[in-house]
Amino acid sequence: MYTKANQGGLYALLDRRFKLTEHNTNVKTEIIAGTATFLAVAAMPAVIPSILSEAGMDPIAVFWATTLSIIFMALMYALWVNFPFVGGPSVGVAPWVAYYLCKQVGVPWEMALMCTFISGILFIILSVVGFREKILGAIPMGLKNAFGAGIGAFISTVGLINTGIIKVDSSSAFGLSLGNLTNITTALAILTIFIIGFFLVRGKQGGFLIGIAAFTIIGLFVVDPLTGHKITQFAGGSIVSFTNPIKALSPTLFKISFAGASEIFANPIMGVGIIIFTTFFIDVFDTIGTVTGLVTLAGYMEEDGNIPRLKQIFLTDAMGTVVGSLLGTTLVTTYCDSSVGVAEGGKTGLTSLWAAILFALTLIFAPIFTMIPSAASSAAITIIGALMIKSILQVNLDDFTEAFPAFLTIFMMPYTGNMGVGILCGIFAYTLLKFFSKKEKVNPALWVLSAIFVVYVFTQGMI
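Numbering-wise, our numbering puts 447 at position 447 of the sequence shown, and it's gapless, one number per residue.
These aren't lab readings, by the way, just hints derived from the structure by calculation. A hint or two may mislead.
Stated by the list, open to error - Pairs of lysine to aspartate or glutamate, EDC-like flavour, derived with a Cα cap of 20 angstroms:
| id | residue 1 | residue 2 |
| --- | --- | --- |
| 1 | LYS103 | GLU263 |
| 2 | LYS441 | ASP399 |
| 3 | LYS247 | ASP398 |
| 4 | LYS255 | ASP58 |
| 5 | LYS247 | GLU302 |
| 6 | LYS247 | ASP58 |
| 7 | LYS103 | ASP58 |
| 8 | LYS134 | GLU302 |
| 9 | LYS390 | GLU302 |
| 10 | LYS255 | ASP15 |
| 11 | LYS390 | GLU440 |
| 12 | LYS390 | GLU263 |
| 13 | LYS28 | ASP58 |
| 14 | LYS167 | GLU110 |
| 15 | LYS19 | GLU302 |
| 16 | LYS28 | ASP15 |
| 17 | LYS103 | GLU54 |
| 18 | LYS134 | GLU263 |
| 19 | LYS255 | GLU302 |
| 20 | LYS255 | GLU303 |
From a predicted model like this one, the values you see are computed outputs, not experimental measurements.
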């Protein structure tokens, strides 16, 4: 580790490159944050292949495509944007592709990747011309603060479900109920939450890292009675894996295609167009919400609601989607889990660079790095959600035209399981209520976004 006591050599180079002193951080803090981010996201190279294998995709190829996509996004955020974020294949979009598009509708995975690729190209074009910046610039500060709180509610809900603290229960009034808190995996997750909480209330760094690591290590020795297996599955066989990257990726590399569209859809252009539009919708608005929440948490949101280096952020996200689809994985986006590193004090791209290095090691030591249970990182993001919810304090709750759209944004994100839907519900309500009040002029861009929401609602049943 390097500290400010060692101002020469590597520390000085990193300080200049990432502006550590300017951002009131240091190498040690950034390394801890990058490690915490890595641990929070480390399950993705194992989770995404397990989902997309249901679509007929080769799991080894998807593992490589997923890991390389994460590395690409981390390096872009590190070396171009200088923000402590990472990204990769969306764990929300992958099931939609595998279980709905491919298994239910019958879309070949090659076509799904082609639609993702085209969406990515559109994202790049719209990012270059500043379309997405204009969208975000048109959104009032009150809604932006609601986005942050809504994402907090969203990721905390995901965390609570994945840890078993809340369970999906079709017999309950709202489809959810209290989980079995005596289950050993759930109990470990609760312990992890309070380990992290201990560090937070004491004002000490390392809580997220220690909490996730403690869960993983204890899980090596404890059996979950529901599965009959150890909570943490120790890697069998060799812990080192040397694979030819081209050979590993070959089943999915550059396999994008529209072949078969005429056999699946009565109107192939409309069918394919709706898939592209849906992918576009998810990426644009999930990214807007995620970035707004992360930037707010990191303290980079400017007083007027502007986000520094926004064009670079959007282009990073767009190029990640293009690269991911060509490698052989679904929609790539900025990860909410980046919030774990931000909460550990990560403020610059050095956090992302260190995470990229660790993910590069997963390609060699994959059996070890895929051991981290998803419940461990889920416990961490449950805490992160609580930290993000505080942005609701910046909303004028005495003004119904501000309060109700914020309410819809915050609750529709977890209730629908879709951040984009939550964002547009809030925008739609804000636009109409401000129009009804006649107290202020509504930005024309908000009417456009409201129209996009209406189109989205009416097109989802057409494929």
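Status of the hints after comparison with the structure:
Proximity of LYS103 to GLU263 is assessed by CA-CA distance (about 15 angstroms); at most 20 angstroms being required, the pair is judged to hold. Between LYS441 and ASP399 the CA atoms are separated by roughly 16 angstroms; this keeps the pair inside 20 angstroms, and the hint holds. A C-alpha spacing of about 60 angstroms is found between LYS247 and ASP398, which places the hinted pair above 20 angstroms, so the restraint is violated. Taken as a hint, the LYS255 and ASP58 pair is honoured in the structure, with Cα atoms around 12 angstroms apart against an allowance of 20 angstroms.
Distance restraint check for LYS247 and GLU302: the Cα-Cα separation of roughly 47 angstroms exceeds the 20 angstroms cut-off, and the hinted pair is therefore not satisfied. Taken as a hint, the LYS247 and ASP58 pair is honoured in the structure, with Cα atoms around 12 angstroms apart against an allowance of 20 angstroms. In summary, the hint linking LYS103 to ASP58 is supported, as the alpha carbons are separated by about 15 angstroms, within the 20 angstroms threshold. With a C-alpha separation of about 16 angstroms, the suggested pairing of LYS134 with GLU302 holds against the 20 angstroms cut-off.
Proposed proximity of LYS390 and GLU302 is supported: the alpha carbons are some 17 angstroms apart, at most 20 angstroms. Between the alpha carbons of LYS255 and ASP15 the distance comes to roughly 42 angstroms, so the proposed pair goes past 20 angstroms and is violated. Our distance criterion of 20 angstroms between C-alpha atoms is broken by LYS390 and GLU440, whose separation comes to about 27 angstroms. Taken as a hint, the LYS390 and GLU263 pair is broken in the structure, with Cα atoms around 50 angstroms apart against an allowance of 20 angstroms.
Simply put, LYS28 and ASP58 have alpha-carbon atoms about 39 angstroms apart, too far for the 20 angstroms limit, and the pair is violated. Between LYS167 and GLU110 the CA atoms are separated by roughly 34 angstroms; this puts the pair beyond 20 angstroms, and the hint is violated. Note on LYS19 and GLU302: the hinted pairing holds, with a Cα-Cα distance of about 18 angstroms set against a maximum of 20 angstroms. For the proposed pair LYS28 and ASP15, the alpha carbon gap of about 12 angstroms is at most 20 angstroms, so the pair holds.
Under the criterion of a C-alpha separation no larger than 20 angstroms, the hint pairing LYS103 with GLU54 is consistent with the structure, at around 8 angstroms. For the hint linking LYS134 to GLU263, the alpha-carbon distance of about 39 angstroms lies beyond 20 angstroms, and the restraint is violated. A hinted pair counts as satisfied when its Cα atoms are at most 20 angstroms apart, and LYS255 with GLU302 does not qualify at roughly 42 angstroms. Restraint check for LYS255 and GLU303: not satisfied, since their Cα atoms lie roughly 45 angstroms apart, outside the 20 angstroms limit.
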